[in-house]
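Student: The residues making up each chain are set out below.
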Amino acid sequence: MPVTSSPQGTPIWRLRTTRTQWLGYLAWLAGACLFLLCWKVISDNTMWVFVEDAGRQGSDLISRMLPPQWTYAHRLWKPMWDTMNIATLGTALGIAMAFPVAFLAARNTTPHPLVRSAALLIIVSSRSINSLIWAMLLVTILGPGVLAGIIAIALRSIGFVGKLLYEAIEEIHPTPVEAISATGAGRLQVMSYGVLPQVLPAFAGISVYRWDINIRESTVLGLVGAGGIGLQLNAAINSLAWNQVSVIFLMIFVTVLASEWISARVRHAIT
Amino acid sequence: MLTLTQVTKRYPTGDRALTDIDLTLPAGQVMALIGPSGAGKSTLIRCVNRLVEPTSGSIRLGDTELTRLSGRELRRARRAMGMIFQEYALVDRLTVMENVLSGRLGQVGFWRSFLRRYPADAVIEAFRLLERVGLPQAIDKRADALSGGQRQRVGIARALLQDPQLLLVDEPTASLDPKTSRQIMRLIRELCAERELGAIINIHDVALAQQFADRIVGLRAGEIVFDGSPEALDAETLTTIYGEEEWDTQGQPADDETSSVPAPPQHLSLATGGTS
Amino acid sequence: MTRQAMARAGQWRRLPLIRDPRLRWGLALGGLVYLLLALSTIDVNWARVAEGAGRGLNFLAAFTQPDFISRRGDILDGILESLTMTLTSTVIGVALAIPVGLGAARNIAPLPVYYLCRGIITVSRTFQEVIIAILFVVMFGFGPLAGMITLAFATIGFMAKLLAEDIEDLDWRQVEAVRATGASWWQTMNHAVQPQVMPRLIGLSMYRLDINFRESAVIGIVGAGGIGATLNTSISRYEYDTSAAILLIIIAIVLLSEYSSSHVRRWTQ
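Chains as they are written, first to last, in the numbering used here: chain E, 7 to 277; chain V, 49 to 324; chain R, 94 to 362.
Read the hints as simulated data drawn from the structure, not as lab findings.
Please read all numbers here as calculations on a predicted model, not as lab measurements.
Heads up, some of the hints might be wrong.
[As the list claims (entries may be wrong)] So the derived label-pair ranges between C-beta atoms look like this:
#: 1; chain 1: R; residue 1: R293; chain 2: V; residue 2: G157; range: 26 to 34 Å
#: 2; chain 1: R; residue 1: E144; chain 2: V; residue 2: P167; range: 49 to 57 Å
#: 3; chain 1: E; residue 1: L29; chain 2: R; residue 2: R293; range: 20 to 28 Å
#: 4; chain 1: R; residue 1: A345; chain 2: V; residue 2: G119; range: 24 to 32 Å
#: 5; chain 1: R; residue 1: I191; chain 2: V; residue 2: F158; range: 32 to 40 Å
#: 6; chain 1: R; residue 1: R358; chain 2: E; residue 2: F105; range: 21 to 29 Å
#: 7; chain 1: V; residue 1: E244; chain 2: R; residue 2: D264; range: 30 to 38 Å
#: 8; chain 1: R; residue 1: A154; chain 2: V; residue 2: D63; range: 49 to 57 Å
#: 9; chain 1: E; residue 1: A270; chain 2: R; residue 2: I162; range: 46 to 54 Å
#: 10; chain 1: V; residue 1: D211; chain 2: E; residue 2: R271; range: 18 to 26 Å
[Claimed, not checked] Result set (SDA-like, lysine to any residue): computed pairs, CA atoms no more than 20 Å apart in a straight line:
#: 11; chain 1: E; residue 1: K46; chain 2: R; residue 2: D170
#: 12; chain 1: E; residue 1: K84; chain 2: R; residue 2: A131
#: 13; chain 1: E; residue 1: K169; chain 2: E; residue 2: A124
#: 14; chain 1: E; residue 1: K169; chain 2: R; residue 2: L297
#: 15; chain 1: E; residue 1: K84; chain 2: R; residue 2: I135
#: 16; chain 1: E; residue 1: K169; chain 2: R; residue 2: L349
#: 17; chain 1: E; residue 1: K46; chain 2: E; residue 2: A36
#: 18; chain 1: R; residue 1: K254; chain 2: R; residue 2: T215
#: 19; chain 1: E; residue 1: K169; chain 2: E; residue 2: R273
#: 20; chain 1: V; residue 1: K189; chain 2: E; residue 2: L206
#: 21; chain 1: R; residue 1: K254; chain 2: E; residue 2: L263
#: 22; chain 1: E; residue 1: K169; chain 2: R; residue 2: I304
#: 23; chain 1: E; residue 1: K84; chain 2: R; residue 2: L130
#: 24; chain 1: E; residue 1: K169; chain 2: R; residue 2: G296
#: 25; chain 1: V; residue 1: K189; chain 2: R; residue 2: G103
#: 26; chain 1: E; residue 1: K46; chain 2: R; residue 2: I172
#: 27; chain 1: E; residue 1: K169; chain 2: R; residue 2: T215
#: 28; chain 1: V; residue 1: K189; chain 2: E; residue 2: A36
Every residue gets a Cβ at the ideal spot worked out from N, C-alpha and C, and that includes glycine.
Please construct the entire structure, taking both the sequences and the accompanying hints into account.
Tutor: Pasting the structure below:
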């Protein structure tokens with residue numbers, strides 16, 4: 007009981023009882039120990055000589071980046087266009103695949119619990135593996151190029167779109183679905199009249215949101231050879247042309263900000 | 049026309065929702081089903097079109113045994129039964145016309161319905177029904193832009209577009225104000241008369257039931273405790289249906305209400321739940 | 094003819110989503126042209142694909158017999174490093190995100206602080222973790238420290254933005270009620286703001302822990318420590334059975350953390 011009596015008989019109020027208080031302290035202590043242990047692992051694997059040097063390295067880096075080599079910018083339009091295409095086509099492909107998966111994964115539309123488990127497995131695998139890892143794999147299979155990037159983005163998007171969409175499907179009102187079934191409609195008709203209209207706004211919002219994340223993701227796919235502006239970034243870093251790197255950074259910054267703005271506007275208009 | 053024999057429904061949790069229901073509905077009869085919340089009214093009408101699967105017993109519509117149908121046959125049988133819901137159950141983001149036309153889904157292939165290419169006779173009939181319920185201007189409005197009474201009219205038009213032999217009506221007035229409730233009940237009654245439709249209407253409001261039904265069936269804790277004409281329903285039978293006695297035996301002050309007024313259903317469902 | 098008259102005659106079509114036919118067809122045409130242009134930029138070297146197809150099959154086959162053994166030392170070191178980076182970066186990142194988030198909430202921060210904090214958030218959110226990792230590797234040298242700082246920096250942007258939005262949406266009446274008792278700024282924060290944002294903050298931290306682990310698997314590619322380096326090596330050497338083992342471990346850990354974070358969230362709410 008939070009309210010106890012002191013030996014004099016006056017009631018004392020505490021937020022928690024003594025036991026829970028001690029458990030709380032203990033949990034904090036365990037957490038702190040774990041953190042310190044992790045920190046030790048990291049510091050053992052770190053060359054502290056380099057770290058002491060970090061400030062000088064950082065200012066050196068900035069001085070090399072400035073001023074940006076603006077003339078380099080006109081060679082970036084094509085890679086930037088590729089990057090946008092990777093994101094857009096990848097998103098389109100991803101949502102096309104995620105759509106059926108979500109319906110199979112939602113508790114109220116799945117044909118069978120086993121199918122549901124399989125769909126959930128697809129979603130979690132896709133979510134766990136970063137698009138850059140997919141890209142590394144696909145580059146060794148398909149060869150370097152835009153196609154590997156598009157498929158990598160698509161594979162990663164399945165999990166994201168699939169998860170949010172199946173959660174939206176599970177939250178629909180059941181009565182319109184019941185009413186459509188009561189008319190003698192077939193299974194697909196129940197989906198297209200009872201379920202689909204209810205989840206369409208959420209679906210559009212999720213897709214645009216993922217598109218904006220994919221723009222950001224696709225800027226680095228070139229680092230492993232999967233096309234887009236990352237290729238230029240990789241080349242510029244390898245040749246230590248930091249004044250070109252800064253131009254690329256600015257370009258990415260502006261593009262990502264613009265896509266985020268568009269996505270926010272679209273989502274705002276939908277809901 | 050509709051015959052229920054020994055229909056029992058037990059939920060997986062073990063709750064018995066319906067026990068040995070025997071009921072016959074002749075063609076063209078409008079029957080009101082009254083009883084406290086949790087008495088099994090909704091379960092009963094949902095067993096008829098198998099939105100809820102009955103545990104045992106037989107349900108026959110004409111010559112068809114409904115409980116044994118599967119897949120395609122069940123969908124064909126459902127076409128013959130129009131259903132009207134408490135919360136209207138319209139698809140909010142579709143237009144009024146799309147909602148009404150969805151009554152024809154059982155007779156139209158998937159792609160036709162997906163592309164909204166309904167046959168001309170379905171469109172003509174849908175529009176005629178919308179005129180009949182008084183909403184011809186609203187065809188392109190979205191369902192969520194309508195008032196409660198208007199939505200229920202759309203729900204009625206949808207059920208009638210199925211060209212059913214039987215209407216299953218689940219608390220049609222529970223979300224409506226008293227005046228609109230009357231209008232809706234009168235409309236249902238008139239449409240049943242025009243088309244010689246049989247109907248089972250679940251209803252809370254005993255006065256409305258007495259005014260608009262040919263026959264009243266009282267359900268309590270999943271069993272039929274009254275079956276007769278509206279005139280035969282007196283204070284005593286209402287007490288049997290709504291369990292006023294148990295209300296009294298729990299030591300509640302009995303002097304606040306007379307026995308002819310049904311007590312609040314939420315208390316009753318608790319009281320009757322213990323006995324079933 | 095009105096739509097009513099047409100419907101009476103049996104003619105009815107769904108209303109198009111966009112009323113203006115010129116706009117509708119213009120958008121459709123524009124979409125088509127973009128699609129064709131975008132698809133034309135894909136250049137596929139079919140000979141290369143045919144050659145790689147065998148490798149693709151090998152990779153799929155590897156999932157049926159993943160090899161945890163032959164590189165177990167590397168895998169174990171990598172996973173441990175990833176996990177430690179994940180934990181420390183989340184703790185540090187969340188701790189730093191709280192002041193930044195407070196500063197980025199328009200309703201409690203003065204304008205200059207607001208702009209500064211919003212700037213930090215924007216920079217941190219715009220750049221993919223790998224890009225930030227490249228810079229920190231140059232500054233701090235190869236190894237997990239650079240990775241940890243990268244993830245902590247990304248965590249600041251993510252958490253601070255959501256925290257700021259939460260604070261901007263909070264129930265102002267409670268804050269006024271506490272202020273009316275004569276509480277100081279700190280007391281107001283502690284008694285009126287913290288209780289309102291805390292449950293979501295904990296939930297988001299758990300979610301970020303999950304994201305940081307997944308990201309820690311890729312920043313190793315540019316030398317920032319963690320399992321990514323091992324994975325990268327195994328893929329470029331075509332040792333797909335080892336890659337499959339690593340991917341399976343990542344999936345298992347993500348599943349585990351998702352499962353436990355749903356428990357933690359239920360417990361805090």
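Student: Hint by hint, note whether the structure agrees.
Tutor: Hints and how they fare:
no. : hint                        : verdict
1   : R/R293 / V/G157: 26 to 34 Å : violated, 48 Å
2   : R/E144 / V/P167: 49 to 57 Å : holds, 55 Å
3   : E/L29 / R/R293: 20 to 28 Å  : holds, 24 Å
4   : R/A345 / V/G119: 24 to 32 Å : violated, 40 Å
5   : R/I191 / V/F158: 32 to 40 Å : violated, 53 Å
6   : R/R358 / E/F105: 21 to 29 Å : holds, 28 Å
7   : V/E244 / R/D264: 30 to 38 Å : violated, 59 Å
8   : R/A154 / V/D63: 49 to 57 Å  : holds, 52 Å
9   : E/A270 / R/I162: 46 to 54 Å : holds, 49 Å
10  : V/D211 / E/R271: 18 to 26 Å : violated, 47 Å
11  : E/K46 / R/D170              : holds, 14 Å
12  : E/K84 / R/A131              : holds, 12 Å
13  : E/K169 / E/A124             : holds, 13 Å
14  : E/K169 / R/L297             : holds, 17 Å
15  : E/K84 / R/I135              : holds, 13 Å
16  : E/K169 / R/L349             : holds, 17 Å
17  : E/K46 / E/A36               : holds, 15 Å
18  : R/K254 / R/T215             : holds, 9 Å
19  : E/K169 / E/R273             : holds, 18 Å
20  : V/K189 / E/L206             : holds, 18 Å
21  : R/K254 / E/L263             : holds, 15 Å
22  : E/K169 / R/I304             : holds, 15 Å
23  : E/K84 / R/L130              : holds, 12 Å
24  : E/K169 / R/G296             : holds, 17 Å
25  : V/K189 / R/G103             : holds, 18 Å
26  : E/K46 / R/I172              : holds, 16 Å
27  : E/K169 / R/T215             : violated, 26 Å
28  : V/K189 / E/A36              : violated, 61 Å
Violated hints for the displayed structure, listed by number in ascending order: 1, 4, 5, 7, 10, 27, 28.
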